[in-house]
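Student: All chains should be modelled from the sequences, with the hints used to inform the complete structure.
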Amino acid sequence: MNIKYAVLKIFLITFLPQLALSQVIFQTFDMIVSNPAGVVAAMNKYQSSPTGQQGSASVSLRQYIANGESKATHQILVTYPSADDMGSDLARNAASSDWANFLVEMNEVAEVEFEGVGQILAMGGDANSSALTSPNQTQIYYQMSVSDPAVYASAWSDFTAANAENGAVSYLSGVIVGGANPSTHVVSNVFDSPVEAVSNQPQNYNGWDTFMQRVQNIRTVEARAMTQTIATWAAE
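Under our numbering, think of the first position of the sequence shown as 3, with each following residue one higher.
Note that these hints are calculated values from the structure, not bench results.
Any given hint could be a false lead.
[Claimed, not checked] Lysine to aspartate or glutamate pairs mimicking EDC-like chemistry, simulated, CA-CA at most 16 Å apart: (1) Lys47 to Asp100; (2) Lys47 to Glu110; (3) Lys73 to Glu117; (4) Lys47 to Glu107; (5) Lys73 to Glu115; (6) Lys73 to Glu113.
Tutor: In structure tokens:
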């Protein structure tokens with residue numbers, strides 16, 4: 003898929019706990035990257051351009067550590083304060099030569115494998131965790147089909163609250179558009195590093211058995227993935 007015709011997208015999550023999360027919209031690109039340095043250079047150039055500096059979004063570039071059968075090597079996550087902000091940014095980009103040049107440069111070094119759009123519903127756990135500002139921040143994603151969102155959200159909220167003192171951080175998001183993937187929700191658990199991520203599996207957290215009893219009949223895990231943040235660009 004040519005990135006020029008990709009409409010920014012979704013899948014998960016992490017960023018800006020100070021925002022009113024119920025308004026936060028995100029887009030995500032899963033990318034097959036042939037030149038990682040070229041991707042960073044293109045993103046740096048666009049973000050420092052006049053158009054990029056006017057944008058409201060925060061952008062994160064992540065490398066996949068594990069991604070199942072997907073061929074994607076990297077993920078770009080674009081997080082907007084609101085749907086209106088996303089609309090304004092997309093309209094600005096559509097008329098911008100800075101954006102057109104960015105698409106040309108990205109086409110030379112990467113291919114889009116997947117797109118999606120979603121909304122962050124809630125943050126759970128420790129809002130002051132060092133993982134939120136770690137230079138080695140790592141995420142584990144659980145893509146799920148949920149038949150009773152209210153029951154799942156309640157169980158997830160109780161489970162993450164029970165582990166806040168352990169420094170656990172988790173985001174719950176709803177999938178608005180996700181292609182053929184049947185997932186309706188995504189949970190993103192955030193860690194200081196890959197070592198912390200693999201050493202702190204949810205099965206070892208307080209209240210895991212109770213959580214599983216509450217959700218085992220209402221959710222199916224469709225896929226899992228693990229990423230590490232390479233670079234971020236915050237809105238001015």
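Student: Hint by hint, note whether the structure agrees.
Tutor: Hint by hint, here is what the structure shows:
1. A distance of roughly 9 Å separates the Cα atoms of Lys47 and Asp100; the hinted pair therefore holds under the 16 Å criterion.
2. A threshold of 16 Å between alpha carbons decides the hint, and for Lys47 with Glu110 the separation of about 15 Å falls inside it, so the pair holds.
3. Proximity of Lys73 to Glu117 is assessed by CA-CA distance (about 14 Å); at most 16 Å being required, the pair is judged to hold.
4. For the given pair, Lys47 sits about 10 Å from Glu107 by alpha-carbon distance, which is consistent with the 16 Å threshold.
5. Using a Cα cut-off of 16 Å, the hinted pair Lys73 and Glu115 holds, with the two alpha carbons roughly 8 Å apart.
6. Between Lys73 and Glu113 the alpha-carbon distance is near 10 Å, which keeps this suggested pair within the 16 Å criterion.
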